[in-house]
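There are 4 protein chains.
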Amino acid sequence: MEQPTSTLEEAAMKRLLERDVTLEEIAELVFDLQAPYIENITMDRCLENVKQVLRKREVQNAVLTGIELDILAEEGKLSSPLQEIITNDEGLFGIDEVLALAIVNVYGSIGLTNFGYLDKLKPKVINRLDSGKDSSEVNTFLDDIVGAIAAAAASRIAHSEPKLDSNY
Amino acid sequence: MEQPTSTLEEAAMKRLLERDVTLEEIAELVFDLQAPYIENITMDRCLENVKQVLRKREVQNAVLTGIELDILAEEGKLSSPLQEIITNDEGLFGIDEVLALAIVNVYGSIGLTNFGYLDKLKPKVINRLDSGKDSSEVNTFLDDIVGAIAAAAASRIAHSEPKLDSNY
Amino acid sequence: MEQPTSTLEEAAMKRLLERDVTLEEIAELVFDLQAPYIENITMDRCLENVKQVLRKREVQNAVLTGIELDILAEEGKLSSPLQEIITNDEGLFGIDEVLALAIVNVYGSIGLTNFGYLDKLKPKVINRLDSGKDSSEVNTFLDDIVGAIAAAAASRIAHSEPKLDSNY
Amino acid sequence: MEQPTSTLEEAAMKRLLERDVTLEEIAELVFDLQAPYIENITMDRCLENVKQVLRKREVQNAVLTGIELDILAEEGKLSSPLQEIITNDEGLFGIDEVLALAIVNVYGSIGLTNFGYLDKLKPKVINRLDSGKDSSEVNTFLDDIVGAIAAAAASRIAHSEPKLDSNY
Chain A
1 MEQPTSTLEE AAMKRLLERD VTLEEIAELV FDLQAPYIEN ITMDRCLENV
51 KQVLRKREVQ NAVLTGIELD ILAEEGKLSS PLQEIITNDE GLFGIDEVLA
101 LAIVNVYGSI GLTNFGYLDK LKPKVINRLD SGKDSSEVNT FLDDIVGAIA
151 AAAASRIAHS EPKLDSNY
Chain B
1001 MEQPTSTLEE AAMKRLLERD VTLEEIAELV FDLQAPYIEN ITMDRCLENV
1051 KQVLRKREVQ NAVLTGIELD ILAEEGKLSS PLQEIITNDE GLFGIDEVLA
1101 LAIVNVYGSI GLTNFGYLDK LKPKVINRLD SGKDSSEVNT FLDDIVGAIA
1151 AAAASRIAHS EPKLDSNY
Chain C
2001 MEQPTSTLEE AAMKRLLERD VTLEEIAELV FDLQAPYIEN ITMDRCLENV
2051 KQVLRKREVQ NAVLTGIELD ILAEEGKLSS PLQEIITNDE GLFGIDEVLA
2101 LAIVNVYGSI GLTNFGYLDK LKPKVINRLD SGKDSSEVNT FLDDIVGAIA
2151 AAAASRIAHS EPKLDSNY
Chain D
3001 MEQPTSTLEE AAMKRLLERD VTLEEIAELV FDLQAPYIEN ITMDRCLENV
3051 KQVLRKREVQ NAVLTGIELD ILAEEGKLSS PLQEIITNDE GLFGIDEVLA
3101 LAIVNVYGSI GLTNFGYLDK LKPKVINRLD SGKDSSEVNT FLDDIVGAIA
3151 AAAASRIAHS EPKLDSNY
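Residue numbers (our numbering), protein chains in the order written: chain A, 1 to 168; chain B, 1001 to 1168; chain C, 2001 to 2168; chain D, 3001 to 3168.
Treat each hint with caution, since some may be false.
[Said to hold, decoys possible] Computed list of lysine to aspartate or glutamate pairs in DMTMM-like fashion (alpha-carbon distance at most 25 angstroms, straight line):
| no. | chain 1 | residue 1 | chain 2 | residue 2 |
| --- | --- | --- | --- | --- |
| 1 | A | K120 | D | E3028 |
| 2 | D | K3120 | A | E24 |
| 3 | A | K124 | A | E25 |
| 4 | B | K1077 | A | E24 |
| 5 | A | K124 | D | E3039 |
| 6 | B | K1124 | C | D2020 |
| 7 | C | K2120 | B | E1137 |
| 8 | A | K77 | B | E1137 |
| 9 | D | K3077 | C | E2137 |
| 10 | B | K1120 | C | E2074 |
| 11 | C | K2124 | C | E2025 |
| 12 | D | K3122 | D | E3048 |
| 13 | B | K1051 | B | E1161 |
| 14 | C | K2051 | A | E161 |
I should point out that these hints are in silico values taken from the structure, not numbers from a laboratory.
Take the sequences, apply the hints, and build the full model.
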């Protein structure tokens, strides 16, 4: 049974699409994370779990806040020095990771590992977002948000697999 | 010996003052928190600890980001529905607490208790900031930030008092 | 429809009862937290939400770990200096708050405030647990765990009340 | 000028050594993390930063608590089901990551990425600790603790390098 989407959920999904991130791309990250551990994992199941993560209000609010800051920086509408910090994606900023952690925590601390891994190696869509920095795009928050949603979805799947072996 | 203030530190302090929050007011919160536990605690010592908290980069970045969002909401410059959520200080938003937690954590998890206490009872300056909601002021992030700085300063003092009794 | 309880869930509930904490007592804390905001809140609804919090694996694991450490300290079975730190409930320990935060975060950061408030004022069952310190009982983790479960249950209720006014 | 070591600090260092983890091995992890970003980084500097991380009380307490639980599990002294969960290093436990996060947070959220990366790839000493699982050793907490100390030390170094480029 489909649950109705809320206004906030629709707004968060719309924002992701406007920034050229599809839920399928996030699901791909989840697939790659989980394939070594879960036999028969499918893209459909990954996508469904990404959607479930996006039903959580804390996730929706983090998505809306982070993308808003990226866009405002892109348009040069923030005050200095925040404008420069976010535009340059300064490594010591930390607030992007703070929002990401709020997303990851929704399915418990086991998601920390996958989030850090994605944020370090920047595979697929995360790499594309991160490379946007060379142009005028600002994705300082968005690349962390995408990694965090994928890590949370992977945790959600793991929690539904009680027989996961101890090396997971 | 005075350490030189950094640009980021100056920017964060300036932002607080522009929003009519003085470091002395934050120090007052710290004093009230610590007076029952530490004999001879002085306002000077509390103020010094507030200043030390503000030397931390994660704190500076949280202050700059939170106040920026408050001001942008006040000026009606955010997109919907984030504009309405922040303007109305919606109780389920959560991102204000997330930024506050980043500040509190700088001196460890013992600050959580004092932060929650201040955020619930809203004494003194926090009450004033929170009442601003009735006018056109938006202090959705600022009231949590002020409570978090005070809680972190209280933790910093506690860490310097090894003989604190077990009921602290 | 009742969902079946898991072994882990049963183990966590059993541990709480063995330490003389009933779910009803935790529900009372939730009731007192929510009564000012939600008309017609009932003890039954609070109890149901406490039970739902206890269905979360991260909560179960935090309960089992924290209570185990309390009991081992009570029996003098920990190594020094951890034995003394936990027995004396040293204010700077912090690991009790860390476990509590893991519980609270299960329903998002809005629970931080209620957790801190309960941990500071120590109403009802929390006070009883905390006073146990005067005897040979060790409840260093348990008082934080109980406050965290109550705060998480209050958040869960708040998330189900979309019309909560902005002062919540 | 050397600061004197505290009793707690000595206890934490002693515990690490008893579990066959040297500070030099942790410093090696830090070196590998930072070498791509910081020219002229030396093992000495990494080691010094590992030592500074271990001066933090929250870190010391997390080390003492985590290793205690590993040892108690090894000796079969925990109650069921916690005994089995920790002995088998169950992937959904999460409390090991919770303690690790407390360590990482001491130098801000920028350490999350490095922690996750180390915890996923398990290089060098972390791999050795993790392989101990095949024998009768239990290092469920210790491998996360070691990764967290390394990640925190890397953050500490990054915070001291204001000119770090934006890709850090």
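Verification of the supplied hints:
A threshold of 25 angstroms between alpha carbons decides the hint, and for K120 of chain A with E3028 of chain D the separation of about 18 angstroms falls inside it, so the pair holds. With a C-alpha separation of about 24 angstroms, the suggested pairing of K3120 of chain D with E24 of chain A holds against the 25 angstroms cut-off. Of the supplied pair hints, the one linking K124 of chain A and E25 of chain A holds, its CA atoms being roughly 8 angstroms apart against a limit of 25 angstroms. Distance hint between K1077 of chain B and E24 of chain A is unfulfilled; the C-alpha atoms sit about 31 angstroms from each other, more than 25 angstroms.
Our distance criterion of 25 angstroms between C-alpha atoms is broken by K124 of chain A and E3039 of chain D, whose separation comes to about 28 angstroms. Taking the CA atoms of K1124 of chain B and D2020 of chain C, the gap is near 39 angstroms; set against the 25 angstroms cutoff, the hint is violated. Annotation: proposed proximity of K2120 of chain C to E1137 of chain B is violated, straight-line Cα distance about 30 angstroms (limit 25 angstroms). Note on K77 of chain A and E1137 of chain B: the hinted pairing holds, with a Cα-Cα distance of about 20 angstroms set against a maximum of 25 angstroms.
Note on K3077 of chain D and E2137 of chain C: the hinted pairing holds, with a Cα-Cα distance of about 20 angstroms set against a maximum of 25 angstroms. Of the pairs offered as hints, the one joining K1120 of chain B and E2074 of chain C is violated, with about 33 angstroms between alpha carbons and a cut-off of 25 angstroms exceeded. Of the supplied pair hints, the one linking K2124 of chain C and E2025 of chain C holds, its CA atoms being roughly 8 angstroms apart against a limit of 25 angstroms. Between K3122 of chain D and E3048 of chain D the CA atoms are separated by roughly 22 angstroms; this keeps the pair inside 25 angstroms, and the hint holds.
Restraint check: the Cα-Cα separation between K1051 of chain B and E1161 of chain B comes to about 18 angstroms, which is no more than 25 angstroms; the hinted pair holds. For the hint linking K2051 of chain C to E161 of chain A, the alpha-carbon distance of about 22 angstroms falls within 25 angstroms, and the restraint holds.
In summary, the numbered hints that this structure violates are 4, 5, 6, 7, 10.
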